[in-house]
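Engineer: One letter stands for each residue in the lines below.
There are 4 protein chains.
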Amino acid sequence: MYSFTNDYSEMCHPLILENISKCLNNQYGGYSSDSIFKALNQKIIKLLDNPESQIYLFSGGTQTNLVTIKSVLQPYQGVISADTGHISTHETGAIEACGHKILTIPSSDGKIYAQEVAKLCQSHFEDPNFEHTVQPGMVYISNPTEVGTIYKKSELEALIKVCHQYHIPLFLDGARLATALTSKENDIDFKDLAKLTDMFYIGGTKCGALFGECLVINSPKYQKNFRYIMKQKGALMAKGFVMATQFDTLFTDGLYFKIGQHENDLANYFSAQLQSHAVKMFQPQATNQIFPILTNSKINDLKTNFDFQIWEKISADTSAIRICISFMTTKSVVDQLIAAIIKE
Amino acid sequence: MYSFTNDYSEMCHPLILENISKCLNNQYGGYSSDSIFKALNQKIIKLLDNPESQIYLFSGGTQTNLVTIKSVLQPYQGVISADTGHISTHETGAIEACGHKILTIPSSDGKIYAQEVAKLCQSHFEDPNFEHTVQPGMVYISNPTEVGTIYKKSELEALIKVCHQYHIPLFLDGARLATALTSKENDIDFKDLAKLTDMFYIGGTKCGALFGECLVINSPKYQKNFRYIMKQKGALMAKGFVMATQFDTLFTDGLYFKIGQHENDLANYFSAQLQSHAVKMFQPQATNQIFPILTNSKINDLKTNFDFQIWEKISADTSAIRICISFMTTKSVVDQLIAAIIKE
Amino acid sequence: MYSFTNDYSEMCHPLILENISKCLNNQYGGYSSDSIFKALNQKIIKLLDNPESQIYLFSGGTQTNLVTIKSVLQPYQGVISADTGHISTHETGAIEACGHKILTIPSSDGKIYAQEVAKLCQSHFEDPNFEHTVQPGMVYISNPTEVGTIYKKSELEALIKVCHQYHIPLFLDGARLATALTSKENDIDFKDLAKLTDMFYIGGTKCGALFGECLVINSPKYQKNFRYIMKQKGALMAKGFVMATQFDTLFTDGLYFKIGQHENDLANYFSAQLQSHAVKMFQPQATNQIFPILTNSKINDLKTNFDFQIWEKISADTSAIRICISFMTTKSVVDQLIAAIIKE
Amino acid sequence: MYSFTNDYSEMCHPLILENISKCLNNQYGGYSSDSIFKALNQKIIKLLDNPESQIYLFSGGTQTNLVTIKSVLQPYQGVISADTGHISTHETGAIEACGHKILTIPSSDGKIYAQEVAKLCQSHFEDPNFEHTVQPGMVYISNPTEVGTIYKKSELEALIKVCHQYHIPLFLDGARLATALTSKENDIDFKDLAKLTDMFYIGGTKCGALFGECLVINSPKYQKNFRYIMKQKGALMAKGFVMATQFDTLFTDGLYFKIGQHENDLANYFSAQLQSHAVKMFQPQATNQIFPILTNSKINDLKTNFDFQIWEKISADTSAIRICISFMTTKSVVDQLIAAIIKE
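Taken in sequence, the protein lines are chains X, E, A and S.
Just so we're aligned: 293 in numbering that gives the first Met the number 0 is position 294 of the first sequence, and the numbers increase by one with no gaps anywhere.
Just so we're aligned: 238 in numbering that gives the first Met the number 0 is position 239 of the second sequence, and the numbers increase by one with no gaps anywhere.
Just so we're aligned: 46 in numbering that gives the first Met the number 0 is position 47 of the third sequence, and the numbers increase by one with no gaps anywhere.
Just so we're aligned: 118 in numbering that gives the first Met the number 0 is position 119 of the fourth sequence, and the numbers increase by one with no gaps anywhere.
A few of these clues could be false.
[Said to hold, decoys possible] Distance condition first, Cα-Cα at most 27 Å in a straight line; then the derived DSS-like pairs of lysine-lysine:
hint : chain 1 : residue 1 : chain 2 : residue 2
1    : E       : K223      : A       : K118
2    : X       : K220      : S       : K223
3    : X       : K118      : S       : K223
4    : E       : K220      : A       : K220
[Stated by the list, open to error] Counterexamples of contact, computed for chain X against chain A with all Cβ distances above 10 Å:
hint : residue
5    : Y30
6    : V133
7    : S153
8    : I187
9    : Y221
10   : H276
11   : N299
12   : S318
Bear in mind the hints are in silico, worked out from the structure with no lab data behind them.
Where a beta carbon is used, it is the ideal one built from N, C-alpha and C, also for glycine.
Modelling step: build the complete structure from the supplied sequences, incorporating the hints.
Structural biologist: Structure (structure tokens):
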């Protein structure tokens, strides 16, 4: 039985464990006052070519989202998101539990667009009873999105322009950022993220780390007093150096991007093979998530040897499934899955 | 420079890393649906001899506290705590940020006592305007306490009796539980905690783990829907198996208690040596935290080779410092510190 | 200049002031411990023929909604509402500020239906990752709705049946209840509300009171500790007897229903007259809100002598306006408005 | 039976009702867009001689406190208050329910002093782990205090100086402001409050209004977006003009201060008479609350004809009671109470 359910089913990339092992006899400062953290911060700053960027380490994505959003919004503000956004659908109301409404924009491709954000903001501020409605205070997007699509550079440029016109920041959830930036369709450099977002996070949990997400806030305006909120929400880890070591490993010799490339290569290959056998896709594949549409009986057969998520019912007889390629997935096991799918 | 500042300055006990290494090629279910977690749960149940106990894994102590307390309290209820309690002093208002008042009881030894809790509860329910004040809904204690003292079995028995009389649960914060249960003064078995508390947590971060705390809820009443709140607060980790592996290691061959014993042995030794040289203590030493009172000039001298926390100013010339023994601390470095302290 | 903007533009029905005047030299208990309140409670119980009903007095609608919803929901639960619901659109995120998501159902007529609620609940509980999504915990409806439509008895019967199947209560916002229950289309008795809802409120602010809403909770299950939450949210008024006197007046000799009938009669008349002159309506008129579609130039003309709300742009040249009839509106002023509208 | 329990046991001052009666046929704008409100605002500005002051009307004190405090604090900030402060003791955790800790200062006279606030602020900002503790973000005081004492002008001058040194505002709860400013011990003019506070409220509920409190924010810095929070917390009343009319009445011909003077005169008289008969006081009397210490048997006797609150047990045989003089209390009934107390 091999699981394609997720990219977080294995411990971590071996190099990460190796690097932690080397440090067993060292002592480090608590709460990210350690030297590894400081060096990592410098490394990220250099890659982004933005000396004002500052990193913050978190243990998981929902936590990163809720702390970041809470730190920005005033009590009467909400965060704009696609209705498919992770914060809107799969975080058990974490944002609302922080007191804020999510102002959703209907989306079919997982993305939201500049003109939609502009319309929503304009409509609020033009309302004579604006104090009776929630003020837009931030924009949240995911790249790749929850359905595996990615943003184009021009789309982010348009988005942040609108955001800044309304004096609100743009936050990019990069839970699977490695796969977005190494997608065949991508035209965004890591460096661009310093300019295309006000804050974004570099996902570790779904990209080969034991755990951990690295938030980057690009402007000092949003950094002030941020750590208070981390602590208040239980997100300021005593042993921050455990996460710092992991991200330092991921950002040494481009390991983070190699992991993304590995996953995308296998996903591209898988996708191409299936399409050459006339398997239809629920969403065009851009990253490590592939959504083939199969008959229910085929899906049942596959379940004997493979595990994966059933994404959505398509017709009485067919469903879309989600195949997720991980940093540990090999071409060999992908070939086995292909064979099983195309077998009569 | 050796740091006695904390017991969370080093990565982790070597056995933990060894065990994670062995599992690099395995796949596990997400969000604590994995087999290691299930086995760990059985192990804890067996040790507690309480089949109804259920474990939940968290990435840190503040998070464990806030999720647990939030899960129990109704909106109009508060949690009773010593005014020295970690939730009251050092979690940036995490409990209040969840909407709840902390009903503090003044404490000089870090503990609260049954009769104090009874008085507070009685005074609320007897108030004809009780709806104008916060209803007591839970009791929070730490063992060891924030000042290194520990509870006696009889004290916990009296506490939980009062709690249950008022239909509220008793929650024990065991951030350093290993050192409490192996203290020279302790008369509580691990097993007793199933009966002496409604829920407690087994601290990992401060007892040799890379990170992680293991909450045990002893009664199904408080388990229902608990995971919703974990998820909502960003505490439900995708790779729960990373924590499960660590706690499985700590609860194999009694490693957890060996770590506590090691720390206490060195602390007892250090404390005895100092007292034999007439050094006074701010608090009697029971666990791995020792609070010697030294002259400020001596403290300055020590800072050349050692790092530690200055706890409290005692007089114009003297202060109490905190020496914290970790799972990696050796007798040799403790001897160096003793020598430096008693040197004229 | 006469304003048809709202039904809350005048002080109050003269009888209310008269009754307050009579009591100037009396003394009353604070926080609704007074005798007028107790008598009012008995009166409502009798009208509902439900001895278990209990009333609670509030100063406004948003406050009533947020306290009631907060009192019912667990932290991980949300409230189901039409996307047009007042709590969703015009209360500045009051529910989210209490920590809860609003689970919206798209609506064109302001109503939600039993099968929609059933589908939403079913979909949550069948989700294998249900703990990652917000649990439905309550249903909120308005009668009349925000667009002036009203519920049929059979619709409420179906709704509460589904609610109870999922063990969640049905809450009816009756900000303009007087007009719903006296609508030409209504088939619900006041008495029915004890069985058709778990809690509902009798709107005073928009039905002739100086201020105030009277919440009725029909089941003891939801009454317990309710006043704590009222106090915590600043809703427990010291001089509860001021509101009690007002509602006592409104429920003496059926004044409340007479007010509703007066408003509906004028609205029916206005609506009929306009339709006989071929004026189209944005929504069919059922209560005291009428939404005629007029040309923009006609709207501008009307603004010389009348005030009203422009509801929605319909085409380049036309818009729907909202005419709201109040307890003080006379047939004479309605005739003036009709004349102005139908004038060439 | 005559009740001295409270100053909110009667409807309202007759002039208030008279003025509302005169306006029954008028129409007013909703949500404090009305003309009475605007005129009232100008009147208050003129009395304060501070053109930047802006008023906001609320239905009750707890609501005023929670909205004002919520509007100022960042999520990681708390409000400093005497431990006897109303927000700390008798509002069911309203501030904590908004997410904020109350940083209490122990007080025996109901007041807090500049040096105490300075010490608390300094101690926070000097803490190397300051992000682990709640940041002071505001100071809350009551005048008169909950035990009937009042602030001296010099004390407020010192307080606001410290507040501004730490860039936090000073908020004065004036639930019974009329009696503070007309106390025999008072040296503060109404006008001074524009300079001695950043915001304060003029209590109506306890000073002769049907209901209502008038918050004054003296600086535009704290006014921005304030109404959003009022609406979100259910405090923005549709018929704001009902409150505006009341406060307009109270601030016509100095009625507000006449009410305070009336209450204080009777309280001074009562207090003097009792002391001339050697009755001891629990707190020195300054305003309309008097706390005589009586034997329990005397208290029981009095209960036959009078109602009042038993404040605190003093010894086995004696207790302090609270006598509260209202705007409707007459010298005649006070004389009856005196006679009953001094009767052998």
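Engineer: Any hints this thing doesn't respect? Which numbers, in order?
Structural biologist: Failing hint: just 6.
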